[in-house]
Amino acid sequence: MAAVLCVGAIGALLLLGLRGNIVYFRTVSEAVKTRTTEGTHRFRLAGAVVPGSISQTSGGVRFELTDGKKTVTVDHAGDPPDLFKARAPVVCEGRWGSGLTFVSDRILIKHGSEYTPPKVKIRPSASGA
Amino acid sequence: MSQRGRDQRGRDQGDQNTRLLNPLVAAGIGWATLVALVLVGLFGLWGAPPDKVQGDAQRLMYLHVPTAWLAYLAFFVTAVASALYLWPRTRARVWDRLAGVSAEVGVIFTALTLVLGSLWGRAVWGVWWAWDARLVTTAVLFFLYLGYLALRRVSGDPATGAKRNAIAALIAFIDVPIVHFSVNWWRTLHQQATVFNPALNPEIHGVMAATLWLGVLAFTLLYVFLVDRRYRLAALEDGLDDRELDRAIAARVGEVQTTGVS
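Protein sequences, first through last, are from chains A and B. Numbering of the first sequence is given in the numbering used here, commencing with residue 3 and proceeding in unit increments. Numbering of the second sequence is given in the numbering used here, commencing with residue 3 and proceeding in unit increments.
Treat the hints with care, as some may be off.
To be verified - Simulated restraints on C-beta separations: (1) A:R64 x B:W33: 34 to 44 angstroms; (2) B:I176 x A:K71: 29 to 39 angstroms; (3) B:W89 x A:K71: 30 to 40 angstroms; (4) B:A34 x A:G10: 39 to 49 angstroms.
Unchecked claim - In silico lysine to aspartate or glutamate, EDC-like type, Cα no more than 20 angstroms apart, as pairs: (5) B:K165 x B:D240; (6) B:K54 x A:E32; (7) A:K87 x A:D107; (8) A:K87 x B:D240; (9) A:K35 x A:E66; (10) A:K71 x A:E32; (11) A:K87 x A:E66; (12) B:K54 x A:E116; (13) A:K35 x A:E95.
As the list claims (entries may be wrong) - If you want the footprint, here are the derived chain B segments under chain A, 3+ residues with CB under 8 angstroms: (14) 51–57; (15) 108–121; (16) 233–245.
Hint data in this document are derived by calculation from the structure and do not stem from the laboratory. The structure displayed is predicted, hence computed values, not measured ones. By construction, the Cβ of each residue, glycine as well, lies at the ideal position given by its N, Cα and C atoms.
So here's chain A without its partners, still in its complex pose (with noise of 0.2 angstroms):
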């Protein structure tokens, strides 16, 4: 009976605690989406980074982000991670500025779980090139 209750109360606790709090990033679209309903919301946008669109800025880089749907640019301050680069996935910290631009203080690589060493291909295409 005390364990019914100890697992109901740790399951209610979970639930209730994570709710909304469980995602850890939004994609682009999702964003873009919600764009008039958000404000100054603080939250995570994840994509890639657009190649060719990187440019240092006074106080960070300025680059835009895509989901391969939609696009919004990032102004970032602070210096980005060493991972940070064309095409790499990232996961930005920060809130909407003016228009589609988003101004983020904290950049993450989102790594995969595909793992090779350089110029070896683990599954080629059937496809062909």
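With the hints as your guide, set chain B onto chain A.
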């Protein structure tokens, strides 16, 4: 406690043996662990190539993944041993002891997983810690079993305590599948599983995969070795406690009956 009650506690079924493994087998596992760990070091640092994206930082995987696997395994053993203790037909002191010993090793490996993961996170993500589902559930796992170990040290009637501990161990185990599937159930910064991914189709280069498997093997051997050593220590400690209790009772009886009891 009465003499009869004490006898039941001390000489439970299957408690005559203070060893889990035959000493020769245990020694063999010890040497195999050493060789496997040295090989993991060599392959992890030099044999395996650096990752295309992460460079040398990815080499932390050869320790981080095996320690995490070990934590799962250790807590699984704790859960099974606890269930066997709770089931009246298999109830024996050996299961209670094994549950505690395995949880101790599991907590150490969970802590190692968190520390190694933090180092890897700093090198690749750029942060020591992130409040994502995988990291938080793993931290919860650490504290759950730390609590379980604290619970095991609560004094009281050993038989009732062992049952209570076994129930706690089964409740704590709920978090293990949550940790494992957290990266599939929720969006996380942490990457998804490479080897045991839902499609069971590892995307990892050959030598890297081999090194990872070697790491899993080495740490599994290390786990068996540590549990065997720690079990023996725990059994001998219990034996010592029992003997001291015997002596104390004998001394007390000797005070009452002038003839004395040996």
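Query raised in the report: Do the alpha carbons of K35 of chain A and E66 of chain A lie within 20 angstroms of each other, as the hint requires?
Result: Cα-Cα ~17 angstroms, so holds.
Report task. With a cut-off of 20 angstroms on the C-alpha distance, tell me whether K35 of chain A and E95 of chain A pass. Result -> This hinted pair holds, its Cα atoms lying about 18 angstroms apart.
Report task. Compare the distance between the alpha carbons of K87 of chain A and E66 of chain A with 20 angstroms, and conclude whether the hinted pair is satisfied. Result -> Holds, at about 12 angstroms.
Query raised in the report: At the C-beta level, are R64 of chain A and W33 of chain B separated by a distance inside 34 to 44 angstroms?
Result: Once the Cβ atoms are compared, 58 angstroms apart, the range 34 to 44 angstroms for W33 of chain B and R64 of chain A is violated.
Requested in this report: Take the region 51–57 of chain B, compare each residue's beta carbon with every beta carbon of chain A, and decide whether three or more fall closer than 8 angstroms.
Outcome: holds (count 6)
Query - K54 of chain B paired with E32 of chain A [C-alpha distance capped at 20 angstroms] - result: violated, 30 angstroms
Query raised in the report: When you check the alpha-carbon spacing of K87 of chain A and D240 of chain B, does it fall within 20 angstroms?
Result: violated, 59 angstroms
Report task. Take the C-beta atom of I176 of chain B and the C-beta atom of K71 of chain A, compute their distance, and say whether it sits inside 29 to 39 angstroms. Result -> Holds, at about 38 angstroms.
Requested in this report: Verify the proposed pairing of K71 of chain A with E32 of chain A, using a straight-line Cα cut of 20 angstroms.
Outcome: Distance ~10 angstroms between K71 of chain A and E32 of chain A Cα, so the pair holds.
Query raised in the report: Taking a Cβ-to-Cβ distance below 8 angstroms as contact, does the region 108–121 of chain B have at least three residues touching chain A?
Result: The restraint on the region 108–121 of chain B is violated, since only 0 of its residues have a Cβ under 8 angstroms from chain A and three are required.
Query raised in the report: Holds or violated: the region 233–245 of chain B covered by chain A, criterion of 3 or more residues with Cβ-Cβ distance under 8 angstroms?
Result: Check failed, 0 qualifying residues.
Query raised in the report: K54 of chain B and E116 of chain A: Cα distance at most 20 angstroms?
Result: holds, 10 angstroms
Checked against the numbered hints listed earlier, the structure breaks hints 1, 3, 6, 8, 15, 16; every other hint is satisfied.
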